[in-house]
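Chemist: These are the residues of each chain, in order.
Number of protein chains: 6
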Amino acid sequence: MSRIDGRTPDQLRPVTIERAWSKHAEGSVLVSFGDTRVLCTASFTEGVPRWRKGSGEGWVTAEYAMLPRSTNTRGDRESVRGKIGGRTHEISRLIGRSLRAVIDYKALGENTVVLDCDVLQADGGTRTAAITGAYVALADAIGWARGKKLIKATRQPLTGTVSAVSVGIVGGVPLLDLCYEEDVRAETDMNVVCTGDGRFVEVQGTAEGEPFAREELNGLLDLAVAGCDALSGIQRAALAEES
Amino acid sequence: MSRIDGRTPDQLRPVTIERAWSKHAEGSVLVSFGDTRVLCTASFTEGVPRWRKGSGEGWVTAEYAMLPRSTNTRGDRESVRGKIGGRTHEISRLIGRSLRAVIDYKALGENTVVLDCDVLQADGGTRTAAITGAYVALADAIGWARGKKLIKATRQPLTGTVSAVSVGIVGGVPLLDLCYEEDVRAETDMNVVCTGDGRFVEVQGTAEGEPFAREELNGLLDLAVAGCDALSGIQRAALAEES
Amino acid sequence: MSRIDGRTPDQLRPVTIERAWSKHAEGSVLVSFGDTRVLCTASFTEGVPRWRKGSGEGWVTAEYAMLPRSTNTRGDRESVRGKIGGRTHEISRLIGRSLRAVIDYKALGENTVVLDCDVLQADGGTRTAAITGAYVALADAIGWARGKKLIKATRQPLTGTVSAVSVGIVGGVPLLDLCYEEDVRAETDMNVVCTGDGRFVEVQGTAEGEPFAREELNGLLDLAVAGCDALSGIQRAALAEES
Amino acid sequence: MSRIDGRTPDQLRPVTIERAWSKHAEGSVLVSFGDTRVLCTASFTEGVPRWRKGSGEGWVTAEYAMLPRSTNTRGDRESVRGKIGGRTHEISRLIGRSLRAVIDYKALGENTVVLDCDVLQADGGTRTAAITGAYVALADAIGWARGKKLIKATRQPLTGTVSAVSVGIVGGVPLLDLCYEEDVRAETDMNVVCTGDGRFVEVQGTAEGEPFAREELNGLLDLAVAGCDALSGIQRAALAEES
Amino acid sequence: MSRIDGRTPDQLRPVTIERAWSKHAEGSVLVSFGDTRVLCTASFTEGVPRWRKGSGEGWVTAEYAMLPRSTNTRGDRESVRGKIGGRTHEISRLIGRSLRAVIDYKALGENTVVLDCDVLQADGGTRTAAITGAYVALADAIGWARGKKLIKATRQPLTGTVSAVSVGIVGGVPLLDLCYEEDVRAETDMNVVCTGDGRFVEVQGTAEGEPFAREELNGLLDLAVAGCDALSGIQRAALAEES
Amino acid sequence: MSRIDGRTPDQLRPVTIERAWSKHAEGSVLVSFGDTRVLCTASFTEGVPRWRKGSGEGWVTAEYAMLPRSTNTRGDRESVRGKIGGRTHEISRLIGRSLRAVIDYKALGENTVVLDCDVLQADGGTRTAAITGAYVALADAIGWARGKKLIKATRQPLTGTVSAVSVGIVGGVPLLDLCYEEDVRAETDMNVVCTGDGRFVEVQGTAEGEPFAREELNGLLDLAVAGCDALSGIQRAALAEES
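Chains as they are written, first to last, in my numbering: chain A, 9 to 251; chain B, 9 to 251; chain C, 9 to 251; chain D, 9 to 251; chain E, 9 to 251; chain F, 9 to 251.
Only chain A is shown next, with the shape it has when bound in the complex (with noise of 0.2 Å):
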């Protein structure tokens, strides 16, 4: 049985990394997945929050948002309604755990870079899909300060990679990289945060339906270890790169 799109149960979206997509930032990144879209900005400054100061340790934080009309219908814009939604909060605080999960403060020394994922458009794993495009731009942000000298450690601040992926179960069949419609219709929907070797750092699994048993969360998670890898290749092949 194939899916809406025609794909396999354990098959990505086409995945499109566009690197230095904009002139300011210090790293910036088109990144698609299918049909969802995500602009991810890395900025970096010298400095780091008041709490942080003289700590000699750098920081790394995530906003995320949705443009209005990402999505079918429009949504009103958090600005004019004058407060950022609980969804919109914790995509951002995830993205965030996410990079900092592969980041050695110590050797970023005293600077910080906040990346902006800004959904375009959206067709579903808007979270998953600024993750991984995050953390090239976040990569491409890094080497532009050491490039600077801005950076003063000799060792790389980044300790490893990560990329991020949908799994869910839908009609009973465990499917990679859920586009909108199948993610609507899912019984349980994960998100999966790994590093390039393989190993997690966020597991988020949630019974939409009915609650989920060991075996098929088992399921799930292999899929996604495999999806993860997979995305890992892209995010190297994008980097190895001219920009």
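Hints are computed from structural coordinates only; laboratory data are not their basis.
None of the values given here were measured: they were computed from a predicted structure.
Treat the hints with caution; some may be incorrect.
Computed spacing ranges between beta-carbons, pair by pair [claimed, not checked]: (1) F/248 - A/226: 52 to 58 Å; (2) F/54 - A/26: 33 to 39 Å; (3) B/237 - A/226: 17 to 23 Å; (4) D/230 - C/162: 38 to 44 Å; (5) B/167 - D/58: 33 to 39 Å; (6) E/237 - D/64: 56 to 62 Å.
Glycine is no exception: its CB is placed at the ideal position from the N, C-alpha and C atoms.
With the hints as your guide, set chains B, C, D, E and F onto chain A.
Modeler: For chains B, C, D, E and F alone, coordinates are given in the frame of chain A:
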């Protein structure tokens, strides 16, 4: 090697569930996981939010908050700051999803239950204590409403029970039900929500330091499933008492 | 004619003061006036707000809030609404002023005590219970700080004691310590804050229906002074116990 | 011993009430208590807030605010800060309650009057000037509405008149109608709102320094009642003029 | 064809400028353009905002607001709504830019002047009245500061004068200084800010209905330049009086 | 003397208009004026805001925003700050007014189009690029709705076309379509919105340094009218293509 408070790695803290704590709420529970104390009230009201009117289905939602001095250092009130923080949002959403996993909306009918989980004293595991206590408050509120004939359906709107526990790896050892001091030192931190029959509603694991391997994840899940099973027994016992 | 709960007009509800309720706060009291239950915590910190730095004087302030389901009908959280209501503001200010009336700022030194008064269950008189309980929490926090030598002055920063009670005219009869049902029906409602030696810190009387005459005001003040004197004794007894 | 501005202790500042100050409002008064100048406008609209619809009863409410440079030092605008301060809330509520004390809601019918009291220049006693002026604006708005037959009842919706004055103890001497410099130095500060027949609507006394004794309270009440009586005469005279 | 209030197309409404209206502000003006009345206060303070510290240059800024009942229908307070509307922002920025056009920041030195323009009564042209009045208040505040030697430079910080007027096409006829009724019916509406020597500081023209042609624009500019010239004379006359 | 990027004074930057950029919106355009890139989406919905219901007339409105790193230095998100800045408000209003100038509300019927203009990369002239691109997105959304028979009237709701360009005086020379570096150095800055037939919808000129003379204003208007005419041709060409 014993834990900071003398427990074995797979031992829960003393858990107490005090029902009918408040005279006003349709269900109210003061739950303790060791020194963590959360007041969970369930407010039953006829009617549903506007977007659900006419559906014949009910709604269950939750709000989590900490008293300013529930922690070791006083925190600013979110009402004074004028906005809700990301962590608060995230936990409120988690509690709501967890309880909705065992609700039959049709059987509930067009009624709403709001769970308020206010942390009176925090010592790690506030979200898991909140879910565990809120389930009991919810069961009481539904029992009250059925007694009052406010719920029309004859079948039980609760399709199961739900409890939650934290697990984590501290100093390389997987531990059940972390207290604050353990939580701060954990390399990996996971919150697991299970139904009474041992299936998963939510699995949220985060690497605080090193990424974690598949076998570590498995070990944590084993601990958590056993912990939730024990909590499930405590919930049953509490509900068996005359409230 | 007896009152709804069988009290005589000049009788307080059962009042209990439970000290050291919370493990984190420097002073913490669960105070009950009948079914009204308020958790009062006193947070002692070295240093003062910016506008007071270098003055050699301390500061005491208070924040009052109600849990959403402390009342018969659930109220929206002020943190969710994003702003603090007028009533909350007014009561927070009243509690702060009342406690500052018995503080010798110089003796306190450049230290701050914040009183958090969170109403866990409301049945009328929450502000007067809050003041009465907060005084005891404040005394404990100051005792703690003197024990830790965080307060340099040798003289006691507390210049007296303070307690508060509500009085009102219901059905033409002046009553002490109104419960919610009486409060709703009161023609005149007054909150009085007294020091232990019977002088006034605050007198706030409001005609809810008919304006009130001078002799009615006098009758209410008589009742209130006697009530505060009794509360003052209960505070002394509580503080005399080993906490 | 004479006062800073040469008044005797029981003397009001020069009080003026200028009606029909604004061309748009149904009632509008520029009231001065010495250098304190408050613009009070009464906006009459048919209909009532949602919670009162169908009751056959009207509503009266008030909003108080200070222009940023009405005081000696410029204050931030509450609109710019994005929230209303506690003092503003407290005074708005006081003004609203004071005016509602002389309103027959049934006679007003389902109509609303909003009183806006904007302090153009502050020199102490802004809330008492606001109440005194707002009463006259309210009377004018009601007169206008009765002239337009917008109020159906034949009986007068105003059941009396209301005015307010501050009193305080400065240097041990009870004084009437404190100007700013006296207010700052007052040991005890009291705002009293009376009806024209000398009964009390609000009594709010606060010890700014030492707690105050019963006889001091009595002395202040005597002064305030006489002051309100004089203000009541000034209101009557203003309303007697052709507006 | 004469205008609604009998003026000729190129005639200003009666304009009055009352200086020293408020006892607290360093400069204060009540300006009237017909029934439009705006209270403009200039608050002089030593020091500049943080981003300008150490530059040796001063700063001038403005805030515009309308009293709720300055208009025919009562508007909600922006402080109550918790945010400032777009129109308010836009006009505040326009007033600030207009006044800064005649300021020599170096000569002002590290001092700040804040202009508050509060509309007490609105009848069209509130922003142009505000600019015209604010200039006089600013001149008074600067004169005050020079008298107090708070401004160190010997040269005048004001490099010119500034005034503003609205023009518009109503029923095909270009009119000067529109009152509210004309403004509502205008096909094109323009606000023009000029210096005393007839040059432009701001030109803001908007087609409310039909787009407007170049010759219409030219006709409006001619009217506006003449109007500003007349206002400039009124400003000079006001400043020539003993304040 | 040539410009920083080699253009002649009356030359536009390369302008591109990419239609149907987004799969969800009824109209969507990625517009570039040189390095300035704005994503304009037009969301068509049946129905109008409450205040317009029953009028038989439609509504068009716009929201403008910048991505945090669209500029050289990262700016805080307005959603995080919790309020919209004055500049954002001002530009959103300008875009909305400009597009409404070519809308026949009756022909549009009770339908709403919201234009979202999100700046992906900024290099001067973001508001004029936004207006120029938004017009095309609006035309596409209206075309879509007419195709779907959601617009009942047979006549075209668009009464003309609209485009916008910035002009300014830099180093004494009037220049068309300023890039960021020119904009920063401009003595006078003007944004002009024209219809396709060369008439004016908006003229907003501001002296950034010296006030400007009538002949300078005339020179700028000449440049702007020619620039808008060229943009109008580019819009026509874009709309002529198969989207």
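Chemist: For each hint, tell me whether it holds in the structure or not.
Modeler: Going down the list of hints, with the structure as the test:
1. A hinted range of 52 to 58 Å holds for the C-beta pair residue 248 of chain F and residue 226 of chain A, which are about 57 Å apart.
2. A hinted range of 33 to 39 Å holds for the C-beta pair residue 54 of chain F and residue 26 of chain A, which are about 37 Å apart.
3. Between residue 237 of chain B and residue 226 of chain A, the C-beta spacing of about 19 Å keeps the proposed range 17 to 23 Å intact.
4. In this structure, residue 230 of chain D and residue 162 of chain C meet the distance hint of 38 to 44 Å, their C-beta atoms being roughly 43 Å apart.
5. About 38 Å separates the C-beta atoms of residue 167 of chain B and residue 58 of chain D, a value consistent with the hinted range of 33 to 39 Å.
6. A beta carbon spacing of about 59 Å between residue 237 of chain E and residue 64 of chain D agrees with the range 56 to 62 Å that was offered as a hint.
The earlier numbered hints are all upheld by this structure, with none contradicted.
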